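*Asks:* Use the sequences and the hints to build the structure in full.
According to this note's numbering, the sequence shown is numbered sequentially starting from 570.
It is worth saying that the hints were derived from the structure and are not from the lab. Nothing here was measured: the structure is a model prediction, and the numbers come from that model. Just so you know, even glycine gets a beta-carbon here, dropped at the ideal spot from N, CA and C. Worth double-checking, as some hints may not be accurate.
[Claimed, not checked] SDA-like, lysine to any residue: derived pairs with alpha carbons at most 20 Å apart:
#: 1; residue 1: Lys1275; residue 2: Ile1327
#: 2; residue 1: Lys1245; residue 2: Ala1233
#: 3; residue 1: Lys993; residue 2: Ser980
#: 4; residue 1: Lys993; residue 2: Ala851
#: 5; residue 1: Lys1245; residue 2: Ile1327
#: 6; residue 1: Lys1048; residue 2: Pro665
#: 7; residue 1: Lys869; residue 2: Ser980
#: 8; residue 1: Lys869; residue 2: Ala851
#: 9; residue 1: Lys672; residue 2: Asp742
[Stated by the list, open to error] Label-pair distances were calculated between CB atoms; the ranges are:
#: 10; residue 1: Ser1022; residue 2: Arg726; range: 20 to 30 Å
#: 11; residue 1: Gln1215; residue 2: Val752; range: 39 to 49 Å
#: 12; residue 1: Arg1351; residue 2: Asp1173; range: 48 to 58 Å
#: 13; residue 1: Asp788; residue 2: Ala1337; range: 24 to 34 Å
#: 14; residue 1: Asp627; residue 2: Asp788; range: 34 to 44 Å
#: 15; residue 1: Gly1209; residue 2: Met1139; range: 52 to 62 Å
#: 16; residue 1: Gly1209; residue 2: Glu725; range: 52 to 62 Å
#: 17; residue 1: Ala976; residue 2: Pro1330; range: 48 to 58 Å
#: 18; residue 1: Gly1118; residue 2: Pro1330; range: 48 to 58 Å
#: 19; residue 1: Arg726; residue 2: Gln1032; range: 19 to 29 Å
#: 20; residue 1: Asp1173; residue 2: Ile874; range: 57 to 67 Å
#: 21; residue 1: Val752; residue 2: Lys672; range: 19 to 29 Å
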Amino acid sequence: MTEQSVVEPVTEARRYDPVAAQQRWQEYWAAEQTFVPADDGSRERRYVLDMFPYPSGDLHMGHAEAFVMGDIVARHLKLRGYDVLHPIGWDSFGLPAENAAIKNDTHPAEWTDRNIETQATSFKRYGLSFDWSRRLHTSDPEYYRWTQWLFLRFRERGLAYRKGSYVNWCPVDQTVLANEQVVNGACERCGATVTKRQLTQWYFKTTEYAQRLLDDMADLEGGWPERVLAMQRNWIGRSEGAYVDFEIDGVDEPVTVFTTRPDTLYGATFFVVAPEGELASAIVADGQRAEFEAYLERVKLETEIERQSTDRPKTGVFLGVYATNPVNNERIPVYAADYVLADYGTGAVMAVPAHDQRDLDFARTYDLPVVEVVSTGEPDPADSGIATPGDGTYINSGPLDGLTDKATGVSTIIGQLEEAGVGKGAVTYRLRDWLLSRQRYWGAPIPIVHCVSCGEVAVPDDQLPVELPPLTGAALAPKGISPLASATEWVNVDCPSCGGPATRDTDTMDTFVDSSWYFFRYCSPGDVEGPFDPEDVRRWMPVAQYVGGVEHAILHLLYMRFFTKVLHDMGMVDFDEPMRRLLNQGQVINQGKSMSKSLGNGVDLGEQIDLYGVDAVRLTVVFAGPPEDDIDWADVSPGGSAKFLQRAYRLASEVTSLPGVDFAGGDAALRSTTHKLLTEIDDCLAGQRFNVMVARVMELVNAARKVVDTGAGPADPAVREAAEVVTIVLSLVAPYIAEEMWEALGHAPSVADASWPIVDPSLLITEAVTCVVQVQGKVRARLEVSPDISDGELKELALSADGVVRSLAGRDIAKVIIRAPKLVSIVPA
570 MTEQSVVEPV
580 TEARRYDPVA
590 AQQRWQEYWA
600 AEQTFVPADD
610 GSRERRYVLD
620 MFPYPSGDLH
630 MGHAEAFVMG
640 DIVARHLKLR
650 GYDVLHPIGW
660 DSFGLPAENA
670 AIKNDTHPAE
680 WTDRNIETQA
690 TSFKRYGLSF
700 DWSRRLHTSD
710 PEYYRWTQWL
720 FLRFRERGLA
730 YRKGSYVNWC
740 PVDQTVLANE
750 QVVNGACERC
760 GATVTKRQLT
770 QWYFKTTEYA
780 QRLLDDMADL
790 EGGWPERVLA
800 MQRNWIGRSE
810 GAYVDFEIDG
820 VDEPVTVFTT
830 RPDTLYGATF
840 FVVAPEGELA
850 SAIVADGQRA
860 EFEAYLERVK
870 LETEIERQST
880 DRPKTGVFLG
890 VYATNPVNNE
900 RIPVYAADYV
910 LADYGTGAVM
920 AVPAHDQRDL
930 DFARTYDLPV
940 VEVVSTGEPD
950 PADSGIATPG
960 DGTYINSGPL
970 DGLTDKATGV
980 STIIGQLEEA
990 GVGKGAVTYR
1000 LRDWLLSRQR
1010 YWGAPIPIVH
1020 CVSCGEVAVP
1030 DDQLPVELPP
1040 LTGAALAPKG
1050 ISPLASATEW
1060 VNVDCPSCGG
1070 PATRDTDTMD
1080 TFVDSSWYFF
1090 RYCSPGDVEG
1100 PFDPEDVRRW
1110 MPVAQYVGGV
1120 EHAILHLLYM
1130 RFFTKVLHDM
1140 GMVDFDEPMR
1150 RLLNQGQVIN
1160 QGKSMSKSLG
1170 NGVDLGEQID
1180 LYGVDAVRLT
1190 VVFAGPPEDD
1200 IDWADVSPGG
1210 SAKFLQRAYR
1220 LASEVTSLPG
1230 VDFAGGDAAL
1240 RSTTHKLLTE
1250 IDDCLAGQRF
1260 NVMVARVMEL
1270 VNAARKVVDT
1280 GAGPADPAVR
1290 EAAEVVTIVL
1300 SLVAPYIAEE
1310 MWEALGHAPS
1320 VADASWPIVD
1330 PSLLITEAVT
1340 CVVQVQGKVR
1350 ARLEVSPDIS
1360 DGELKELALS
1370 ADGVVRSLAG
1380 RDIAKVIIRA
1390 PKLVSIVPA
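*Replies:* Next comes the structure, spelled out in structure tokens:
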């Protein structure tokens, strides 16, 4: 299609109309495939990626901010001459669609597909430079076929496994949650208080990659926000210490605990196990079982937050057995207590009450011994009730007595344990394996068949995808087990191994599995031979810039890093980290609070666009502050943005010099301003200070306007140069009006295909600057000086200036403050 068949010629009568421009340029970009990369090797490639959206209705103000940031980066790289991949898709499995289907007695796909089309229309209206040819939906069978395929490959490597344990249970959504999806004891999605439930579930073995996940963050420093790296380091939680074996009455094998302070072992006066762990029920004495089981039922009703609280009374129950402290052979009582959790460490701890406050509180409640083994100079915890966790001099510690160096104390005890065969130095991690099973319908089915004879059997690759059966409405209602269990024709199958009767696994995968590899699929969206073509991925990845919310710092970002490392070890990709740079955007709030219907402070994106136009809304979002900061819509002015855009458009439309004119003949001061501001704009883009970039564009419009109004007028070549720079830079933020301006300047569309302006270093040289000289805070002289003038030279010039001499009138000088080359402040005695 030719340019003329899509874009009508500019006429003098036509003026910028936001609505008409939006329709016109959407059609042009689609017809000309403006944002589809050539992928032919003619240019260096760059991959810009936004965290793909969930189709929960139309776009909102949060989308407005999140997606404009990635668009700026993608458009800028394209103007820089790169071949840019900037795809879009939808994270389309999940609970909201399922809940809507239950409410409306429909299939989740209906709600999902309708919302996707609504969002797609709005994305196009919002002027985002997406390559729509690579669009994907994770709920499409051709996508989740490969999610299932990857699950099976992970399982073959021992990285996907099934086990029974106490798990996090959301009573509202009726499904299990990974540890990362529990926030302050509540479901990350619905906010319900999370309880514990014993189930057999599927896990990914993320712990196998704990150290690599930690080590490889060194490669992300400088490209990822430091707070995100800190959050991931904390979640992985590497701890150095020792495993220590305790013999327990009636137990054949020793029970191992991990401690970061093996040097305090001589102060261990009791032993504590998690009530819900298998160990507690296995070791409890018969005479104590009834009391223990009653206590266990009470603990099940508590949240993890309650159990971990430091200001609540400590509770527990004596199990009727004793453990033996391996360093001094003292027998110490074994308790089950709710402040120990089964899924952290080994679910058992040695209690050193003198130096751990929770242990001390428990010891005081149950009248247990408190033995100080590190003297810190503070009062004895047995008397004060305040534990002393710091360092000091070892006492009551056998071979450690008198030592003051903690490292020596730790290494000495570890050596003693290893020599006796009752312990060893070790490293552990806070990170737990990823629980990926979900007892809900709208997700990728787990491709496993359970056979009485063969056990767990993988669905053969040529039978993938295992598609969801067509359940709707009430059949999807949560029942504590997956709704798939009721689809008997789907569940009952022949075993792929022996041909006997078998049943499908009725759990589906956590939607975070889908989003852990989607960025690879964008490189090969139509591949039928595998999840992606490794050669396609090699050409485009790692991603040059990833954009999304900091709320995904642990969940999504950690999981996708894990997936990438496994794919690397499978030989499918040749890098360990998928995203070179990460940009987190803030929230759009209103009146100081998150937008909410109940608060009545919601702002509708569509209404804002109808009132002011897409360009004005985009500009307002970008200009409001740095990308990572929150934007309070009550404090911004889309109307003011619209006025500025009209001012910029008027500048471009008034230029009368022809394209290609020699800029060198134009106003020298304006040319210098243009190139200085362009230098600052380049710096802003490199530092992702997009709001400051907009401010510099505004300065350039004002500078050019002054020349138009007072100088050679619109025919000045320098005015054309400034207007072209304004247009190209503005196209990053306000693409529709920039296209109109580019045409008004006499160029063929599209400005997206233009080249980024190049700074002329010769125009950055400042021959002189004005230095203000003050005496007692009042200006007494203005000096034209070299920008490179020294402090000594500037002081001499200032003190000899006529106005300064008259003001001082012979008085002595107490102080001269010099801020070369722009300020000298003189303070008389």
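*Asks:* Evaluate each hint against the coordinates.
*Replies:* Against the structure, the hints come out as follows:
Using a Cα cut-off of 20 Å, the hinted pair Lys1275 and Ile1327 is violated, with the two alpha carbons roughly 23 Å apart. Restraint check for Lys1245 and Ala1233: satisfied, since their Cα atoms lie roughly 16 Å apart, inside the 20 Å limit. Under the criterion of a C-alpha separation no larger than 20 Å, the hint pairing Lys993 with Ser980 is consistent with the structure, at around 10 Å. With a C-alpha separation of about 25 Å, the suggested pairing of Lys993 with Ala851 is violated against the 20 Å cut-off.
Using a Cα cut-off of 20 Å, the hinted pair Lys1245 and Ile1327 holds, with the two alpha carbons roughly 11 Å apart. Using a Cα cut-off of 20 Å, the hinted pair Lys1048 and Pro665 holds, with the two alpha carbons roughly 17 Å apart. Among the hinted pairs, Lys869 with Ser980 is inconsistent with the structure: their alpha-carbon atoms are about 39 Å apart, more than 20 Å. Of the pairs offered as hints, the one joining Lys869 and Ala851 holds, with about 18 Å between alpha carbons and a cut-off of 20 Å not exceeded.
Restraint check: the Cα-Cα separation between Lys672 and Asp742 comes to about 14 Å, which is no more than 20 Å; the hinted pair holds. Checked against the hint of 20 to 30 Å, the pair Ser1022 and Arg726 passes, with Cβ atoms roughly 25 Å apart. Against the hinted window of 39 to 49 Å, the Cβ-Cβ separation of Gln1215 and Val752 comes to about 45 Å, which satisfies the hint. Remark: the range hint 48 to 58 Å for Arg1351 to Asp1173 is upheld by a beta-carbon distance near 52 Å.
Distance hint check: the CB atoms of Asp788 and Ala1337 are about 47 Å apart, inconsistent with the given range 24 to 34 Å. The beta-carbon spacing between Asp627 and Asp788, approximately 38 Å, falls within the hinted interval of 34 to 44 Å. Gly1209 and Met1139 have their C-beta atoms about 53 Å apart, which keeps the hinted 52 to 62 Å range intact. In this structure the supplied range 52 to 62 Å holds for Gly1209 paired with Glu725, their Cβ-Cβ distance being about 59 Å.
The hinted window of 48 to 58 Å between Ala976 and Pro1330 holds, with their beta carbons roughly 55 Å apart. At about 39 Å, the CB distance of Gly1118 to Pro1330 disagrees with the hint of 48 to 58 Å. In this structure, Arg726 and Gln1032 meet the distance hint of 19 to 29 Å, their C-beta atoms being roughly 21 Å apart. At roughly 36 Å, the beta carbons of Asp1173 and Ile874 sit outside the given window of 57 to 67 Å.
Take Val752 and Lys672: their Cβ atoms lie about 25 Å apart, and the range 19 to 29 Å holds.
When held up to the earlier numbered hints, the structure conflicts with 1, 4, 7, 13, 18 and 20 and fits the remainder.
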